[in-house]
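Once you have looked at the hints, place chain D on chain P.
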Amino acid sequence: MNTRIIISIIMISLGSIAAMLPKTKNSSIQLKADELLREMKRQTYVISADELADLLINQDPSILLIDVRDSVDYAQYHLPGAINIPLKELLDPEWAPYVDQISQKNIFYSNGTTLSSEAWILTKQIGFRNNYILGGGLNKWFSTIIKPEFPATSAPSETWALYETRKAASQYFTGSKAADKEENAVILPPIPRKKKTRVQGGCS
Amino acid sequence: MKHIYIISLGGLILLMGMFFIVVTIQSNNHFKFKKTAREMLLDVTTPDHYISFDQVRESLNSPGKYKLIDLRTPKEFVGSHIEGAINIPFDRILDEAHEPIFKEDLPKILYGESPVTANAAWMVLTQYGYENLSVLNGGISAWMNSSKSEDTLGNTGIRDEISNFDYAELLDDN
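Those protein sequences? They're chains P and D, same order as listed. Number 204 marks the last residue of the first sequence (the working numbering); no jumps. Number 378 marks the last residue of the second sequence (the working numbering); no jumps.
For reference, chain P alone in the conformation it holds in the complex (with noise of 0.2 angstroms):
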């Protein structure tokens, strides 16, 4: 008798917390204004060119690059592997499996940053993880990567090291190889839905 008194007083004040508790316009707003400035200020998810050619190279299964351009942009070129998901459509359900995920890192990318900082922006608000942007987008790409500059003679060792890197990372990109893989339509793997982390290892 008393247990069941005890249990009707506990439901009785949960549901009147339930029902104080203050209605959201939208659930779905995750980070407040002070909290994204703080993200923002961080930087910690700018990814620079040198460090995607690396990822690129390396072929790191674990990054999706996202092209936030138009799919005119798109169709005349992208990084090798992109998809296309043009900042119009990027809060559509049809892409959620896509951004909002925990199993790669996705990096946005458009011509300058501005694009590509709009998405990381509003994806984070929601409270998405594991989106980065590639800095300085595919003009810094192309000036660092597939243009890289000649340095001076006088320049230090690193200048050159840092050239050598990136002239081969150039032809990587731009050589036969690279054309090839972009003849055979790049083949998605399939993106995992976004599910409770549980715990890896133990007998099985």
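A portion of the hints provided could be inaccurate.
16 angstroms max Cα-Cα, derived EDC-like pairs, lysine to aspartate or glutamate [unchecked claim]:
#1 D:K239 x P:D34
#2 P:K41 x D:D299
#3 D:K236 x P:D34
#4 P:K88 x D:E243
#5 P:K147 x D:D370
#6 P:K32 x D:D295
#7 D:K238 x P:D34
#8 P:K140 x D:D370
One side of the interface only, derived from the structure: several residues of chain P facing chain D at Cβ under 8 angstroms [claimed, not checked]:
#9 K32
#10 K41
#11 L115
#12 E118
Calculated from the structure, these hints are not laboratory results. Yeah, the Cβ is synthetic: ideal placement off N, Cα and C, and Gly gets one too.
Same frame as chain P, but now just chain D:
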């Protein structure tokens, strides 16, 4: 008798808990966005919040039309800035001290070293509920270097998004 005591104590604790939860939720609303991500997406994909160099140049001749806000550090601001601008560093835009400036009806133009920073600040402030904000279409260095009038800005209308290369053609050359 003892049970009634335990029950009433439990009830009291739960009531206090409820009160606490409601109070914390209310007080946390300060930095809540007034616009949803979807509404914001619509705003950013119709980039009419960008203001051209020409428009700003014209306004310099008739002061009082716009308020220019420089988002760089105070040190950079002292170095050089657009005439008539005031300095609110990017990480300080939400400080209470600056609230009156953003609440003014006068149209405000944000600019920084890079237009990307200014655009990010614009997104935060607009979602936060401030109005009458524009972004200078280009960073301060582009402003300093460009004496000529507007060039074509491509299909996005955003200076930062102009492609500097013909990517496809460049790859064919190689």
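- Against the earlier hints, flag every one the structure doesn't satisfy and list their numbers going up. none
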